[in-house]
Amino acid sequence: MNGEHGVAPALDVPATIVELDDVYKIYGSGATEVRALDGVSLAIRAGEFVAIMGPSGSGKSTCMNIIGCLDSPSAGKYAFSGVDVGTLGRDERALVRRHFMGFVFQSYNLLPRTSALSNVELPLVYEGVRPALRHRRAVSALSAVGLADRQSATSAELSGGQQQRVAIARALVTEPPVLLADEPTGNLDTVMAREVMTQLTDIRRERDVTIIMVTHEPDIARYADRVLLFTDGKLVRDGTPSEVLA
Amino acid sequence: MRVLDVLSLSAQAIARNKLRSFLTTLGIIIGVASVVAMVHLGQSATRSVTERIASIGSNLLFVMPGTSMRGPGAVRTSAENFDLSDVEAIRREVDGIEVAPALATTARVVVGNANDTIPVIGTRNEYLSVRNHPLDYGRVFEPGELSSGASVCIIGKTLVDEMFLGQEPLGATIRVGRTACRVIGVLSEKGESMGQDRDKTILMPIKSVQRRLVGKLDVSVIYVSALVDGTTKRVQSQIESLLRQRRRVDSGGVDDFYVRDTQEIAEALESTTNTLTVLLGAIAAVSLLVGGIGIMNIMLVSVTERTREIGIRLAIGARARDVLNQFLVESIVLSTLGGIIGLLLGVGGTWLLTWKLDMPFVLSPLIMVVGFSFSVAIGVVFGFFPARKAARLNPIDALRHE
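Protein sequences appear in the order of chains F and L.
Each step along the first sequence adds one to the number in this note's numbering, with nothing skipped, and position 105 is 105.
Plus 1000 on top of the position in the second sequence (first one is 1) and you've got this note's numbering.
Be careful, since some hints might not be right.
Example chain L residues on the side facing chain F (calculated, C-beta under 8 angstroms, incomplete) [as the list claims (entries may be wrong)]:
no., residue
1, 1015
2, 1018
3, 1019
4, 1051
5, 1052
6, 1053
7, 1169
8, 1229
9, 1230
10, 1305
11, 1312
12, 1315
13, 1316
14, 1396
Rather than coming from a laboratory, the hints here were simulated on the basis of the structure.
All figures in this text were calculated on a predicted structure; none of them were measured in a lab.
Note that the Cβ used here is the ideal one computed from N, Cα and C, for glycine as well.
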């Protein structure tokens, strides 16, 4: 039923793009053992906008990092696009991030003292794209987030909202099928937060990108069409915002 | 990732922290500069020694009375001097040589109002070619002057400059000791050699010096020049056996004279300067090594400081090897820059010092290439450990690093 949401036609992406099967993430051992994820199973279909919610320490960020191939599960199976990520090496996971994921962080994580344009170009540098083409694509990604006139500004010269939009442009410049956002509005006031969320929903409407967003604010979670609620490392509720947040 | 991108990434990182980059490379700069300068100076010293010895006269043998231990720092004891019959005997018995007797003394010399104590050498015309010290102008001694011991002299350039004050010396009469002496020639300029002004000298017929200045019929040194290269050893042994016979030295007895070869002296001095060059070079190489450790230190600090940046790069798709390359290239670029600057400073310093010390300026491409490659190699070796540390970071830990 999601066949028409195919991300990149050549890839033959199955309907389910992210699938966690009984995933654990355990820190320490014995008495000091902490179960950040305690047997989580979930599936996300291509093109969905999913919000992961929960109090701090509930495992929502850990879950997100595992989905983003930034972290590996202690036990359980994670399949991305049908590929078992557990069988991939370090560099292969880096290639998955490079080609299939875009990241947006709470603290923006732009390179300091580097222009907005260079920040956006960076993923293309690692892809080995030629400078002229790289420049064109970065400019168009910046324009898409409404920052075409701030190309040469460094992070220090941009507002929080603008920095986050640069980060979104950087995440999307490689046109990845999945966008991962970890508390994207956490450091922003409500006006800027609304700006950024509008940007995300616009992007989703324009491209068939799957968005997975961690947040602890119900207002922000309402932008999504599905909410996963975590408590103590377990997925406790899964449904539409109105069902889960009621 | 394209090679040019890796390079520009490193260049950006270096340019962002200019002072620190400079301090990091300072160790390499000093190391390479000192290696290049020390070895070059050593070679200059060797060259300078060789040149000076060549200027004394090539294939030259000194025959002197006395007993000597071999090698530099020789001990000389007194023995009966030679006389002109020994010189005649050498000339007669040994083939392929030119011989010049010399009786050296010093005398009070008066020229007009100027007077000074000057070394005077009593000799013959052969001296000019044997000692490689030709006439500048004027004439040599005539046979009659030599056999009669006439009061004529050939003077060095220093006398012309300092005592004649640039006036025409030819034909002038000067006082040498108690003898009035006519100037017939002027020697060409030789400059200073082994701390001696070789232009502050007067040549007179040996018989004149024997009779008028010294009062003895001695010959203090016999200079012998082998006319054919590579025959000095043969000439030396022929002279030795001839003189042993003439001076009645028993076989197995100790010679009461010695024959010294300039080549031998040159070789001894050369090996000394070569040893010094190696020593100085080794000390300088240690400073280059210390410079490498400096690079490693700063790169390690830099990796820690930029952990978050590394996390960001890993998150957006950098592989471990991309991060490794970035930091490795950064340290190679730093050490290469240091190598280039050090090379220029080293060559500049060598030029300045050789100019100040009046030594020949020798440039050795080999040393420059070795010094430079060493600096690049140090960047690779000492950059690898920090770069590997950066590449091994776990993306999520690196991102969370404050």
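**Report entry** Unsatisfied constraints (hint numbers, rising)
**Finding:** Violated: hints 1, 2, 3, 4, 5, 6, 7, 8, 9, 10.
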